Amino acid sequence: MKELTVEARVEQIETVTEFVNAELEKLDCPMKVRIQIDIAVDEIVSNIAYYAYGEKTGSVTVRIEALQEENGVQLMFLDAGVPYDPLTRQDPDISADIEERKEGGLGIFLVRKTMDDMKYEYKDGQNCLTIRKSF
Amino acid sequence: MQINKTKKEDEMILELEGRLDTMTAPELEKVINGELSDVRKLTVDLAKLEYISSAGLRVLLSAQKIMNKQGSMVVLHANELIMEVFEVTGFTDILNIQ
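Going line by line, the protein sequences match chains A and E.
Read in order, the letters of the first sequence correspond to residues 1 to 135 in this note's numbering.
Read in order, the letters of the second sequence correspond to residues 1001 to 1098 in this note's numbering.
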């Protein structure tokens, strides 16, 4: 298991992505999955950066580890911001007409569709969002 | 991300290269909001785009809304992963992807 803690700001997404990609490379992650995970990192870290701490600042920790039972990876995102379960958010209406389209909610929806599993818990004063993907 | 702009009369071609994500989407948004007023035909070429996240989708959506009012927009050469993102989010129904 490896982990990285950075300030929860969108400017740090690139640092997190580089850290995650270096680990994925060690696991021989296929390019397609690597890109899907990069997108997940963008969506999740940007949500934390924009919403978790309101006007205040805080940090985000990313933990990455290989799955034991199969080829794959698990990533955990931890922040000590306002408790918020993104999985309770209603899915966007993806069949809506262009003028009726709402702008929010697409990111987490996209992550849920491309990862194998996504879980949320609030533990020890932290939001903990876990994604898994096998390759 | 790099944006290569080509403009001829009322046609504009935007070639996007790299990643269209949270950090880079505002660059495209600036072009969409500031330089489309006299454009009737917009082409967005994704041949060199590696991936797109929801921040990029939102900008493409607002470009399509603008062009629906004043002309037309096509999206070209999306790679397999970008097509998958368009399909999962229903964007295949609202963008003209060729």
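Treat the hints as calculated values from the structure; they're not laboratory data.
Since we're looking at a predicted model, the values are computed, not measured.
A few of these clues could be false.
Unchecked claim - Distance condition first, Cα-Cα at most 30 Å in a straight line; then the derived BS3-like pairs of lysine-lysine:
| id | chain 1 | residue 1 | chain 2 | residue 2 |
| --- | --- | --- | --- | --- |
| 1 | A | Lys102 | E | Lys1030 |
| 2 | A | Lys32 | E | Lys1007 |
| 3 | A | Lys26 | A | Lys56 |
| 4 | A | Lys2 | A | Lys102 |
| 5 | E | Lys1041 | E | Lys1065 |
| 6 | E | Lys1030 | E | Lys1048 |
| 7 | A | Lys32 | A | Lys113 |
| 8 | E | Lys1005 | E | Lys1030 |
| 9 | A | Lys113 | E | Lys1007 |
| 10 | E | Lys1069 | E | Lys1008 |
| 11 | E | Lys1069 | E | Lys1005 |
| 12 | A | Lys113 | E | Lys1065 |
| 13 | A | Lys26 | E | Lys1048 |
| 14 | A | Lys2 | A | Lys26 |
| 15 | E | Lys1007 | E | Lys1030 |
| 16 | E | Lys1065 | A | Lys123 |
| 17 | E | Lys1065 | E | Lys1008 |
| 18 | E | Lys1008 | A | Lys113 |
| 19 | E | Lys1041 | E | Lys1008 |
| 20 | A | Lys56 | A | Lys119 |
| 21 | E | Lys1030 | A | Lys56 |
| 22 | E | Lys1069 | E | Lys1041 |
| 23 | E | Lys1048 | A | Lys113 |
| 24 | A | Lys2 | E | Lys1041 |
| 25 | A | Lys102 | A | Lys26 |
| 26 | A | Lys102 | E | Lys1069 |
| 27 | E | Lys1048 | E | Lys1008 |
| 28 | E | Lys1069 | E | Lys1030 |
| 29 | A | Lys113 | A | Lys123 |
| 30 | E | Lys1048 | E | Lys1005 |
| 31 | E | Lys1007 | E | Lys1041 |
| 32 | E | Lys1008 | A | Lys32 |
| 33 | E | Lys1041 | E | Lys1030 |
| 34 | A | Lys56 | A | Lys123 |
| 35 | E | Lys1048 | E | Lys1007 |
| 36 | E | Lys1030 | E | Lys1065 |
For each hint, the structure was consulted:
1. The suggested pairing of Lys102(A) with Lys1030(E) holds, with an alpha-carbon distance near 20 Å, which does not exceed 30 Å.
2. With a C-alpha separation of about 34 Å, the suggested pairing of Lys32(A) with Lys1007(E) is violated against the 30 Å cut-off.
3. About 36 Å separates the Cα atoms of Lys26(A) and Lys56(A), which puts this hinted pair outside 30 Å; it is violated.
4. Restraint check for Lys2(A) and Lys102(A): not satisfied, since their Cα atoms lie roughly 37 Å apart, outside the 30 Å limit.
5. Between Lys1041(E) and Lys1065(E) the alpha-carbon distance is near 13 Å, which keeps this suggested pair within the 30 Å criterion.
6. Only pairs whose Cα atoms come within 30 Å are accepted, and Lys1030(E) paired with Lys1048(E) is accepted, the gap being roughly 20 Å.
7. Of the supplied pair hints, the one linking Lys32(A) and Lys113(A) holds, its CA atoms being roughly 14 Å apart against a limit of 30 Å.
8. Distance check on the hinted pair: Lys1005(E) and Lys1030(E) sit about 13 Å apart at the alpha-carbon level, within 30 Å; holds.
9. Restraint check: the Cα-Cα separation between Lys113(A) and Lys1007(E) comes to about 37 Å, which exceeds 30 Å; the hinted pair is violated.
10. With a CA separation close to 20 Å, the supplied pair Lys1069(E) and Lys1008(E) stays within the 30 Å bound.
11. Only pairs whose Cα atoms come within 30 Å are accepted, and Lys1069(E) paired with Lys1005(E) is accepted, the gap being roughly 21 Å.
12. For the given pair, Lys113(A) sits about 26 Å from Lys1065(E) by alpha-carbon distance, which is consistent with the 30 Å threshold.
13. A threshold of 30 Å between alpha carbons decides the hint, and for Lys26(A) with Lys1048(E) the separation of about 26 Å falls inside it, so the pair holds.
14. Between Lys2(A) and Lys26(A), the direct Cα distance comes to roughly 12 Å. Compliance with the 30 Å bound is thereby established for this hinted pair.
15. Pair hint Lys1007(E) plus Lys1030(E) holds up; C-alpha atoms about 16 Å apart against a cutoff of 30 Å.
16. At most 30 Å may separate the alpha-carbon atoms for a hinted pair to count; Lys1065(E) and Lys123(A) exceed this at roughly 42 Å.
17. With a C-alpha separation of about 22 Å, the suggested pairing of Lys1065(E) with Lys1008(E) holds against the 30 Å cut-off.
18. For the given pair, Lys1008(E) sits about 40 Å from Lys113(A) by alpha-carbon distance, which is inconsistent with the 30 Å threshold.
19. Distance check on the hinted pair: Lys1041(E) and Lys1008(E) sit about 10 Å apart at the alpha-carbon level, within 30 Å; holds.
20. The suggested pairing of Lys56(A) with Lys119(A) holds, with an alpha-carbon distance near 26 Å, which does not exceed 30 Å.
21. Under the criterion of a C-alpha separation no larger than 30 Å, the hint pairing Lys1030(E) with Lys56(A) is consistent with the structure, at around 27 Å.
22. About 11 Å separates the Cα atoms of Lys1069(E) and Lys1041(E), which keeps this hinted pair within 30 Å; it holds.
23. Note on Lys1048(E) and Lys113(A): the hinted pairing holds, with a Cα-Cα distance of about 24 Å set against a maximum of 30 Å.
24. Annotation: proposed proximity of Lys2(A) to Lys1041(E) is violated, straight-line Cα distance about 49 Å (limit 30 Å).
25. At most 30 Å may separate the alpha-carbon atoms for a hinted pair to count; Lys102(A) and Lys26(A) exceed this at roughly 39 Å.
26. The suggested pairing of Lys102(A) with Lys1069(E) holds, with an alpha-carbon distance near 18 Å, which does not exceed 30 Å.
27. About 21 Å separates the Cα atoms of Lys1048(E) and Lys1008(E), which keeps this hinted pair within 30 Å; it holds.
28. With a C-alpha separation of about 19 Å, the suggested pair Lys1069(E) and Lys1030(E) falls inside the 30 Å cut-off, and the hint holds.
29. At roughly 25 Å between alpha-carbon atoms, Lys113(A) and Lys123(A) fall within 30 Å of each other, so this suggested pair holds.
30. For the proposed pair Lys1048(E) and Lys1005(E), the alpha carbon gap of about 14 Å is at most 30 Å, so the pair holds.
31. Between the alpha carbons of Lys1007(E) and Lys1041(E) the distance comes to roughly 10 Å, so the proposed pair stays at or under 30 Å and holds.
32. Among the hinted pairs, Lys1008(E) with Lys32(A) is inconsistent with the structure: their alpha-carbon atoms are about 36 Å apart, more than 30 Å.
33. Between Lys1041(E) and Lys1030(E) the alpha-carbon distance is near 18 Å, which keeps this suggested pair within the 30 Å criterion.
34. Between Lys56(A) and Lys123(A) the CA atoms are separated by roughly 21 Å; this keeps the pair inside 30 Å, and the hint holds.
35. Distance check on the hinted pair: Lys1048(E) and Lys1007(E) sit about 19 Å apart at the alpha-carbon level, within 30 Å; holds.
36. Our distance criterion of 30 Å between C-alpha atoms is met by Lys1030(E) and Lys1065(E), whose separation comes to about 15 Å.
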